[in-house]
Amino acid sequence: MEKQSLLFRLKSIKLVRVLAFPPINAIRGFRLFAYQFTKEAGKVRRLKGSHTGERCFIIGNGPSLKAEDLSKLKGEYCFAANRIYKIFPETDWRPQSYLCVDSYVLNDIAKDVEKLKVPYIFIQMEGKKKRLKNSQSQIIYINNYCPYLVDRYKRLKVKFSRDVSHHFVAGETVVYTAIQLAAYMGFREIYLLGVDHNYSKKMDAKGNLIVDPSIQDYFGSLKPNDYSIQNIETSTNAYKTARRYCEKHGILIKNLTNGGKLEVFRRGELDTVLKCQKGKG
Numbered sequence: 000m001e002k003q004s005l006l007f008r009l010k011s012i013k014l015v016r017v018l019a020f021p022p023i024n025a026i027r028g029f030r031l032f033a034y035q036f037t038k039e040a041g042k043v044r045r046l047k048g049s050h051t052g053e054r055c056f057i058i059g060n061g062p063s064l065k066a067e068d069l070s071k072l073k074g075e076y077c078f079a080a081n082r083i084y085k086i087f088p089e090t091d092w093r094p095q096s097y098l099c100v101d102s103y104v105l106n107d108i109a110k111d112v113e114k115l116k117v118p119y120i121f122i123q124m125e126g127k128k129k130r131l132k133n134s135q136s137q138i139i140y141i142n143n144y145c146p147y148l149v150d151r152y153k154r155l156k157v158k159f160s161r162d163v164s165h166h167f168v169a170g171e172t173v174v175y176t177a178i179q180l181a182a183y184m185g186f187r188e189i190y191l192l193g194v195d196h197n198y199s200k201k202m203d204a205k206g207n208l209i210v211d212p213s214i215q216d217y218f219g220s221l222k223p224n225d226y227s228i229q230n231i232e233t234s235t236n237a238y239k240t241a242r243r244y245c246e247k248h249g250i251l252i253k254n255l256t257n258g259g260k261l262e263v264f265r266r267g268e269l270d271t272v273l274k275c276q277k278g279k280g
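Mapping the sequence shown onto numbering that gives the first Met the number 0, position 129 (from 1) lands on 128, and the numbers just tick up by one.
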């Protein structure tokens with residue numbers, strides 16, 4: 000964990016980023032072009048429109064998330080991410096799709112990911128180096144693209160990928176990746192749950208670190224890692240981009256989170272949605 004934190008700080012030093020700018024952008028540019036021709040991209044393409052007209056739930060790991068609410072989602076198509084499995088002992092609910100697109104997170108939890116029993120596991124391409132093995136799930140490596148900037152906290156404009164078999168657009172939160180995947184799979188109702196969008200450590204657009212230890216980052220007793228610093232401006236703008244995309248393409252997206260700070264999307268209540276017939280929310 001200490002090594003991870005040191006590496007994160009090293010990558011944040013401006014001089015290091017200036018020197019790394021040309022080669023890293025060249026690598027990412029090549030990957031942006033080449034990924035679409037890979038077997039992994041083919042696996043993604045087979046999912047296109049596979050759930051046209053259906054509804055889904057994207058689960059965040061915020062402090063508002065409750066096991067009893069997840070139990071209500073049995074039979075619903077759900078996306079979840081990162082350390083969501085920490086809540087599994089409290090419920091027999093399981094997501095159909097699991098995502099981990101942060102290399103720092105994956106370094107910590109790779110062994111746990113190999114034990115997951117879910118239909119699909121989506122991992123950032125760099126995760127191939129881990130050579131994950133999971134006999135219970137289909138592992139799909141995705142191209143979660145983010146332009147490399149000298150001032151990493153100056154990235155305010157975030158696009159939305161219409162073809163995730165080419166690339167996803169990173170939005171500083173795995174929830175944004177899940178929204179793009181859900182839209183690609185054809186879901187016409189997307190509901191967010193446990194997406195509190197409130198963090199004890201965050202960076203503003205000027206790169207200022209804002210720390211508030213009174214804020215709880217995750218559900219239960221789950222604690223943040225040293226490298227868990229949210230770029231709040233970028234992630235908020237990513238959500239705004241998702242809202243505009245969904246509105247333009249006739250996709251309903253609502254935030255069912257109990258509390259939290261995410262006000263980009265219209266609010267709703269989980270029990271109200273569940274009372275509605277699927278596809279009628």
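For the record, the hints were derived by calculation from the structure and aren't laboratory data. Think of the CB as a built atom: it goes at the ideal place given N, C-alpha and C, for glycine as much as any other residue. Don't take each hint at face value.
In the EDC-like style, the derived pairs of lysine to aspartate or glutamate whose C-alpha atoms are separated by at most 16 Å in a straight line are [unchecked claim]:
#, residue 1, residue 2
1, 239, 225
2, 260, 225
3, 201, 162
4, 65, 268
5, 71, 270
6, 47, 162
7, 42, 68
8, 260, 232
9, 274, 68
10, 128, 211
11, 71, 225
12, 71, 39
13, 127, 107
14, 253, 232
15, 85, 216
16, 73, 203
17, 158, 232
18, 85, 53
19, 129, 107
20, 85, 75
21, 222, 211
22, 71, 111
23, 38, 68
24, 156, 203
25, 114, 125
26, 42, 53
27, 129, 111
28, 127, 268
29, 205, 232
30, 127, 113
31, 156, 232
32, 274, 75
33, 71, 89
Derived Cβ-Cβ restraints for the label pairs, each shown as a range [to be verified]:
#, residue 1, residue 2, range
34, 132, 208, 23 to 29 Å
35, 37, 185, 20 to 26 Å
36, 91, 260, 27 to 33 Å
Check your understanding: Which earlier hints can't be squared with this structure?
Key -> 1, 2, 3, 7, 10, 11, 12, 14, 16, 18, 20, 22, 23, 25, 26, 28, 34
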